[in-house]
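Chemist: Letter by letter, the chains look like this.
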Amino acid sequence: MNKNHPDPRLNLRLRAAISAAQSRVNPAPTAETEAASPAPVASIAGSDLGVLRSTYKGPKKLLFSVSHMNKRYGKTVALDDVSLEVYAGQICALIGKNGAGKSTLVESALGLKPFDAGTVTIGGVNVQESPRKAKALLGYSPSEPLAYDSMTGAEYMAYIAALWGMDESVARTKAQQLTEALALPNAMLNKPFALCSHGTQQKVCIAASILHDPAVLILDEPTVGLDIIAYRGLLKILRSYADQGHAVLIVTHDMELVRACSDAIYMLRGEKVFPLDPNREDIATILEETR
Amino acid sequence: METLILARGELRNWRERSRLRPHSFSSNLMNILIGVILMGIFIFIFVKIGLEVSSYRGVIEGLLALYLFIFFAVCSLVSAVQLRHSLFESRMAKAPFTWPVNKAQIIVSKSLVSLIKTFLFSVVLSLPIWITYGIVAHSPWYIYFLAILYPFLISVAEVAVGFLLCVPIQGVNLLLRKNIVLQIVFGCACALILAFLYGEVLDVFVKVIVNGDLNGVLQIYELSIDNGWGRFLYPVAFLVQLFTRGTWANIGFFFAMVLGLFGVGSLLAWPTYFRIVAQGKAGEIKVNWRMPKSPKGALLSKELSLMFRGRGGASGLVTLVVSLPIVCYFVVASMNYVFSIGNLKFVPVFFPMFTAGFTGMMILMTAASVCTCSMDTIRREGPKLCLMKLAPVSMEEQLAIKGLVPLALTALSFACSMVVLGVTSLVDWTDFGWLLAEGLAFLVAAVFFELIADARAKVKGKKNETLWESLMPFIFPVIIYGITIVTSAFLPKYIQNYSYQVFRNINHLIMFVIFAALAVGAGVFTFKRGPAFLEAQAAKVEE
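Protein sequence lines, in the order shown, are assigned to chains R and W. Be aware that the first sequence starts at 1, since it is given in my numbering, and climbs by one per residue. Be aware that the second sequence starts at 1, since it is given in my numbering, and climbs by one per residue.
Quick caveat, the hints were computed from the structure, so don't treat them as lab data. A hint or two may mislead.
What the hints assert, rightly or not - Once the Cα atoms are required to be at most 27 Å apart in a straight line, the calculated DSSO-like pairs of lysine-lysine come out as: (1) Lys-61(R) <-> Lys-272(R); (2) Lys-236(R) <-> Lys-57(R); (3) Lys-133(R) <-> Lys-61(R); (4) Lys-61(R) <-> Lys-191(R); (5) Lys-178(W) <-> Lys-191(R); (6) Lys-60(R) <-> Lys-133(R); (7) Lys-296(W) <-> Lys-178(W); (8) Lys-293(W) <-> Lys-133(R); (9) Lys-75(R) <-> Lys-97(R); (10) Lys-460(W) <-> Lys-75(R); (11) Lys-296(W) <-> Lys-174(R); (12) Lys-460(W) <-> Lys-528(W); (13) Lys-75(R) <-> Lys-272(R); (14) Lys-174(R) <-> Lys-293(W); (15) Lys-60(R) <-> Lys-272(R); (16) Lys-345(W) <-> Lys-48(W); (17) Lys-296(W) <-> Lys-133(R); (18) Lys-286(W) <-> Lys-178(W); (19) Lys-286(W) <-> Lys-236(R); (20) Lys-286(W) <-> Lys-191(R); (21) Lys-528(W) <-> Lys-133(R); (22) Lys-57(R) <-> Lys-174(R); (23) Lys-174(R) <-> Lys-191(R); (24) Lys-236(R) <-> Lys-61(R); (25) Lys-191(R) <-> Lys-94(W); (26) Lys-191(R) <-> Lys-293(W); (27) Lys-191(R) <-> Lys-296(W); (28) Lys-528(W) <-> Lys-296(W); (29) Lys-178(W) <-> Lys-48(W); (30) Lys-286(W) <-> Lys-174(R); (31) Lys-236(R) <-> Lys-174(R); (32) Lys-293(W) <-> Lys-178(W).
Only a predicted model underlies this, so the values are computations on that prediction, with no experimental measurement involved.
One chain only, chain R, in its complex shape (with noise of 0.2 Å):
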């Protein structure tokens, strides 16, 4: 469980939700809660892209854990003590404002950056003492998507598949899934990386993180640059997903998304990182103060 306190210097609204989250013992929904409380995020109105709720009834099981995490950048404090926390069937939301160091606490957690203290478990095991194990866990899309320009959106498919061992038709099958559910186009995956838009490029991206089946998704910025019908279909996907047994973790400014989706939201502010209580009715605006 987080052991942050609210910080002073946030607001009456926000410092509620965070007590409302802090006080909630099980963070990952489950049957029992579901049927007590509000459906998460289905107070909130407005939205046309409807809430999918979690339908996941399996064991409560931690996925990914960053405890106790601090990270400097010469005399600059970018994470003090930052601890957060996905279950299996959980789909969580981390958000801030720009600069907060979100995608810095992410990239941290991957070994992609250092940081000073701190611990970070992938499906159980400990990133900085097996490195690969946990990797092989992983599925991940950075915020600006990154593949070799000189391979085509199926190669590099074809080439996370075979570099995390899947089978062939397997591999075959789930890329057809998901580039059908985030309507990328056989022309697009035949096409040089570097020569597709940012919207194809995110697209391939996102279908090869989650490819190979990983415990754990993290997304950075998965919306930026898609077009409505493939928005629709990332919701879907990662719904599902979540609801097989995995954990996933959205990196976001993305609203719509954090209230269509998520089931535990974590926002970074002021170099710590606080839950927020998705259930609260008055969550939305609290998000909206964080745009």
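Using the hints provided, position chain W relative to the given structure of chain R.
Modeler: Only chain W this time, still in chain R's reference frame:
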């Protein structure tokens, strides 16, 4: 007015593109130096042959026509490649259609820009030759003024040929892009043609330098512009005859030929351009899904993709791998020839290891050039090395595979060089065996060294290695074989028969041990320190 604005935009785009290319000061200097040396060699041969044949009527003009014809062919090809880019490749190819200009203005502006670019190339290539001709042939003063007029006229012909060739070149380019096997075949063909052309030029050069043997060179006396085959080098021959003989009727033939070429070229190029720009793709497209069998296979396929589909594609590297052994053979054969006659034949007598040392040096230097050209795989990784770090494969394994592909290519080029030299008896079997062992040890060392230099360039965010790092693989063979050649001079002459063999074997053994030690040292450093160094440095860069 709009036409001029369009042309100015095209020229500005061309200039900006040239600026964006990663050219360091040293590479610019090297390019200029190579250009000046090549031109110097051309002029040297021209003067040397010109002075010999100046008494024969029309031969020096024939030689001038031959030179100018070669430059005409080069400029036409450059013009065709530039037009292909401007019409079919450039991001700006479609842009004029969204502007308030008509097709005629687009055609005129693109033709004008192509003419300006080709004119610049023609001036640089043809003026020095015309001036040299003027001096050697003791021509009247007006020939120098006509020489200025020549690039204006010939660049029109070059652009006309460019129009004619740009569509077929685009077709070949599209075909090659789709098929890597075709790329390799094309690269091999280019390499063989280039290597044999180089061999012919080198042969002429060696014969001219060593003994002025001109009778065997290109049957030079049949080149006359008056009654030899020089008069058939169209369209250059028209202008050469016009400028040197004053045959003004030729200007009519020249313009008729150029207008004809322009007409046919335009009929081919412009409709293709307008059709390609306007058309869209339709129909069912299948995904090309080819999955490697294992993680190692995936890494290997990625390396091949980075290497063969990056800058220059497969044909560039294949050309290098195939042509260098042949170039190596020609250089070694020429040097053996030069040092086997005249005063220079005493050099191998004073330095018994000269031939073996020089051959070894040449083989390793040609192999090193393949190595340096193929070793930028870490720099070709995405920004921040993110994809390498996220792969569930250890960094050591990834580095090993990164080194494996360039090592295989370099070893292939090296093996070809050795086979060519062995089959042609330019090295005896003792040297062959030793050079093979030394070469392989050196190549492993060079690949590890280049891997480290590549990683350093990547983490420093540089597009090129430093000049020192680029030269290191060439400097090592020069130093080590140079020392061997020099020390062999101290071998007493009375032990040259039986003991010379022992001395030679000891020398080779020492060189092998040095290269093997370098390979082991570089290997240990790469695998012990490389991954941590790469990760730590990359993290620093990110921050």
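Chemist: Against which earlier hints does the structure fall short, listed by number upward?
Modeler: 4 and 29
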